[in-house]
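Asks: The residues making up each chain are set out below.
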Amino acid sequence: MKRIFALMVVALLLAGCAPKPYWTLTDQKNHTVTSTSFEFGVSDGWVRTTEPRTWERLEIDGAQRTILLESMTVTRDGTGLQAMTITRRYPDTAFPTIKKKSVPTQLAPEVADLYVAELRKRTGLERLAVLSNKPAKIDGKPGFQLVMQYKNEDGLRIQIVSYGFADKTGFYTLTYRAPYLYYYERDLKVFNDLVGSFHQLKGAFDPPPEIPGWAKIFT
Amino acid sequence: MSVRNFVALAALLLAGLLTPAHAGDTPHWVHYRLLNGQAHLPKKVVVMPVSVRMYEVTAGGVQEEVPEWSTQAEANVHKAVSALLAKTAGMQEVAMPRLSASERAIIDEHMALYKLVANTVPTSGLKHKLRRFDYGIGPGLNTVLARTGADAVLMVYGNDYASTAGRKTKAVLGKIPIVNIFTGGEVELGHSFVHLGFIELKSGDLLWMNSEYRQGASDMREYDDVEDLIAAIFKWYPGIERYREQYAYDE
Amino acid sequence: MPTTNKQPLLRASWALLLALLLAGCATTEGVSSFKSADDTGNLRESEQRLWHEAESYDDTLERSGQVYDQARATAYVQGVMDRLFPEFKGKITVHLYDSTDLNAFAMFNGSVYVNIGMLARMENEAQLAALLGHEATHFIEKHGFQKRVSAKNASAFAETGVPFSRLAAVSSISGFSRDLEREADAKGFERMVKAGYDPREAHKLFQYLADEVQALHIEAPYFFSSHPDLSERIEEYKRLSAQYKGGGRLETETYNAIMAPIKLDALRKDIGQDRYESVILVMEDGSKSRYYPPAGYYYLGEAYTRRDQKNDPAKALEAWKKAERQAPKFAPTYMRLGVYYMKSGNKKLARHYFQQYLGLAPKDATDRGYAQQYMSSL
Chain A
1 MKRIFALMVV ALLLAGCAPK PYWTLTDQKN HTVTSTSFEF GVSDGWVRTT EPRTWERLEI
61 DGAQRTILLE SMTVTRDGTG LQAMTITRRY PDTAFPTIKK KSVPTQLAPE VADLYVAELR
121 KRTGLERLAV LSNKPAKIDG KPGFQLVMQY KNEDGLRIQI VSYGFADKTG FYTLTYRAPY
181 LYYYERDLKV FNDLVGSFHQ LKGAFDPPPE IPGWAKIFT
Chain B
1 MSVRNFVALA ALLLAGLLTP AHAGDTPHWV HYRLLNGQAH LPKKVVVMPV SVRMYEVTAG
61 GVQEEVPEWS TQAEANVHKA VSALLAKTAG MQEVAMPRLS ASERAIIDEH MALYKLVANT
121 VPTSGLKHKL RRFDYGIGPG LNTVLARTGA DAVLMVYGND YASTAGRKTK AVLGKIPIVN
181 IFTGGEVELG HSFVHLGFIE LKSGDLLWMN SEYRQGASDM REYDDVEDLI AAIFKWYPGI
241 ERYREQYAYD E
Chain C
1 MPTTNKQPLL RASWALLLAL LLAGCATTEG VSSFKSADDT GNLRESEQRL WHEAESYDDT
61 LERSGQVYDQ ARATAYVQGV MDRLFPEFKG KITVHLYDST DLNAFAMFNG SVYVNIGMLA
121 RMENEAQLAA LLGHEATHFI EKHGFQKRVS AKNASAFAET GVPFSRLAAV SSISGFSRDL
181 EREADAKGFE RMVKAGYDPR EAHKLFQYLA DEVQALHIEA PYFFSSHPDL SERIEEYKRL
241 SAQYKGGGRL ETETYNAIMA PIKLDALRKD IGQDRYESVI LVMEDGSKSR YYPPAGYYYL
301 GEAYTRRDQK NDPAKALEAW KKAERQAPKF APTYMRLGVY YMKSGNKKLA RHYFQQYLGL
361 APKDATDRGY AQQYMSSL
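Protein chains in written order, with the numbering used here: chain A, 1 to 219; chain B, 1 to 251; chain C, 1 to 378.
Treat the hints loosely; a few may be bogus.
With a cut-off of at most 27 Å between alpha-carbon atoms, the simulated DSSO-like pairs for lysine-lysine come out as follows [to be verified]:
1) Lys101/A - Lys269/C
2) Lys44/B - Lys202/B
3) Lys202/B - Lys189/A
4) Lys134/A - Lys348/C
Quick caveat, the hints were computed from the structure, so don't treat them as lab data.
Same shape as in the complex, but just chain A:
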């Protein structure tokens, strides 16, 4: 009997240590998403990543590198279909593949050009076309709004709208990607509301984190 009881306790404790789910469904109680450097609002029925992503692996000059960032993703139907991504990149690794930094004195179109050049280094985006590049304000800060498009292998047009700005804490982008057909216009308002709700937090001014020890092996 004691053994059974012990087993039940262990089982319940293990259940309590279960990892957090990757996605969190948004409802009335949790519209606002708070990360370290920023917060923003998400519409009902959409999901967002429960925790921010804090690093990514990129191929730079033929070698794999670990780059720190802070990124959260929002989707309704799955990121294969549509994805809204809010990302902060640290100044020294703002444009890692083209090896450029972000500087607060850069003008918005200059930052936009670097961002597009960086995107074009990614597989599948080599022929990314810029449809428009306009000044925009994000959380009161001067920035850019880029509308871009590319075609996937099946000839499906994928449209991307990115808002971005650079300040002394880094380079921020709010990006929405979806098939141009049906999905892009359908969910654009949700994205525009998200952009309108975006707000930088005090945490943005804390020193950037260290690369985790295990990731240093691969860096």
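With chain A fixed as given, assemble chains B and C onto it according to the hints.
Replies: Relative to the frame of chain A, chains B and C by itself:
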């Protein structure tokens, strides 16, 4: 099972360490509008251009499409699908009309979007979407196909991989201990895959979809094999109550 | 206890596998080169598969927006190809490929793709003829098929797991064997001479490209970097052309008039992908930049800005000024000069240049909003 073991098992279940059945057990998907009676099952259906690619796979894993095989597989699939639609109560196949170049471009892009949707659904990791399945491709196809009088289209695509004799031998030898050290271990033999999905023309909603994947002996150049594959997919049609019991429960 | 002797079983299994693999081995026996367009209708089953894959790849490239849409230049390049290979007119089809990589490739079905980067680098029609002669020879001699056969046989004992369509149907992206490349060089050169082009241009093309490969540390995939060695090929072309007196078609003016928009677009795309070194290499060298439209100096200025080394800001300004003088209707130059003077505090000049930009730029120009914003803040 002893009382002790039973209680231990109950404890594990309570802790949620055993997961309930998931989408992998019931492969079909049903739009929520069918579940709550807001949509009706397709009646007049245009079968979209069938796309089936058939490949030959060598012992070394080199895959090469064989165009004649693909043509034959496509013809078999279309024939089997048409036969099944004819047998299904309340359903009728409507011929695809002749299309202009611009209409063809609209069709092609919608088919590309459908492929993206169909590939995203099973891999999205979003369990709540199973309960309220509401995917679609928008009403754009209706601009081209409304003139047919159809209320739905059927998307059909698939592929088939047939192994060469050398590959089959390698597979057999790969299962023999010690011998397989020299032949390079186990290799995967061919497989067949077909996907079907009904799109309601007016709304663009993906009303129902299902796929069948078979490893080994099936050959889509053989009509009987294809007929069997299609029947296996349609066995789940429409499966509304089955889907409701599996996923659309209230929590 | 009886012992089992596994050796006979091993030997039998190995022999059986070997026999089956060898029986299934692909072969080029009986496969000869195409003699004319009509020959392409007489394909063996194995060749038909490769032809079909090439056609599928054509469709994918077209569908996914990788084909560069410039009707005039495409028709011109096709015309050169048809002059070189009149017996294949209608079968060898030229497409421009939207990439600034220095590359070109031929497929088993006679589709020949020439990267716009390659077109931008060339100076005249004779160099184009050298390139097209080489690529079309890969098609005529069925090098793609030979490559497929040898790769299939090589993989027989190893699991590659690689979908083959991209490797073999697309023949020269990853290069062919030394012998096949030599054959393409020699036979392509013959065609070039027969069509009346100046044979000395063939090795010049390779020389310019060798310079660029070295200066920019370019790696494969690259047209001329596969077997045989690039310098060896330059020497071979020199040897071949030494047999001929100088002279022959160049069509420099025609070539550059038709390619002008492509050359400018290639510079724009290079900047857009941060390949500023390529732009500097070409536009800093007078012997190369003379073949580019003068608006190219705008992109030179952009390249210096991206490189951002000591003295680059001054060099950028000089390049933009040159673009202003030599290409006064090229709107982006004025936007850039406006930004330059705004940053350096010269409001009057900044306003002047922004106004020039707004007057020249189309209504949907991407930078228009910024120019208007900056104007209102000055």
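Asks: Take a quick look at whether Lys202/B and Lys189/A sit within 27 Å of each other, Cα to Cα.
Replies: With a Cα-Cα distance of about 23 Å, the restraint between Lys202/B and Lys189/A holds, given a limit of 27 Å.
Asks: Is the Cα-Cα distance between Lys44/B and Lys202/B 27 Å or less?
Replies: holds, 13 Å
Asks: Within a Cα-Cα threshold of 27 Å, do Lys101/A and Lys269/C meet the stated pairing?
Replies: holds, 21 Å
Asks: Starting from Lys134/A, check that the Cα of Lys348/C is at most 27 Å away, please.
Replies: holds, 24 Å
In the structure shown, no violation is registered for any of the earlier numbered hints.
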